[in-house]
Amino acid sequence: MKINSIIVLLLTNIFLISCSVNQTYNNISVSELRKLAKKHGGVYVFNEKFEKEIATKEKTRREAELAIVNASKTDADMRKNLKGFDTKYPQILSNGKPYYTLRTYSKAVKLSKEYINKVIDYIGQDDYSKFMPDISVWSFYLDDNGNIVPIELTVTYDYEVKIYGLFGDEGRGFYTSRKESRYVPGGNKFILTNDKFEKVNKNE
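Under the numbering used here, read the sequence shown as residues -6 to 197, first letter to last.
Careful, some of the hints might be misleading.
Below, computed lysine-lysine pairings styled on DSBU-like, alpha-carbon distance capped at 30 Å [unchecked claim]:
1. Lys100 with Lys50
2. Lys66 with Lys45
3. Lys111 with Lys32
4. Lys42 with Lys81
These are calculated hints, taken from the structure and not from any lab test.
All chains should be modelled from the sequences, with the hints used to inform the complete structure.
Printed below as a string of structure tokens:
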């Protein structure tokens, strides 16, 4: 009886797979969502000078750290050799301010809406209202008042889809659908120049 039930589920699964590709989300098609991501998704650079400084410093840090790790014979040696690493290779910008990323900043990130609105203005209200992307700060520093000053923001498009198939097992039970997140890559780079973003690549 159990085998028959599984067979029925499999046949149902095959039918659902052939009929259930949901190509709409938030009242727009997935293909249109991909077009929005290709047009607007990516990195928005507020300060190109600092962005380049971070890229150079992080490259130097990675190379130095790798050299230390490779030269250390034991974990104890590695820990000893890495002492003072941040002092020797500080994550400090030319303005004297430490820089952070979401990976290195432990406190809650509160970003002024003026920066987010600048990105939205570039995207345009029409495209933004079709599907609201996730706008997040990536790298930044703190001003003298402790406010976050973004260096890079990221704009990402992701959505949830319902996947049909045969999932689970005899212990947990079988089910024929589950929800999964889908990320739509943008891959663009925009640089703020004269208070206006300009796309510096041609991902059209």
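* Kindly indicate which numbered hints from before are broken by the structure, ordering the numbers from low to high. => Number 2 only.
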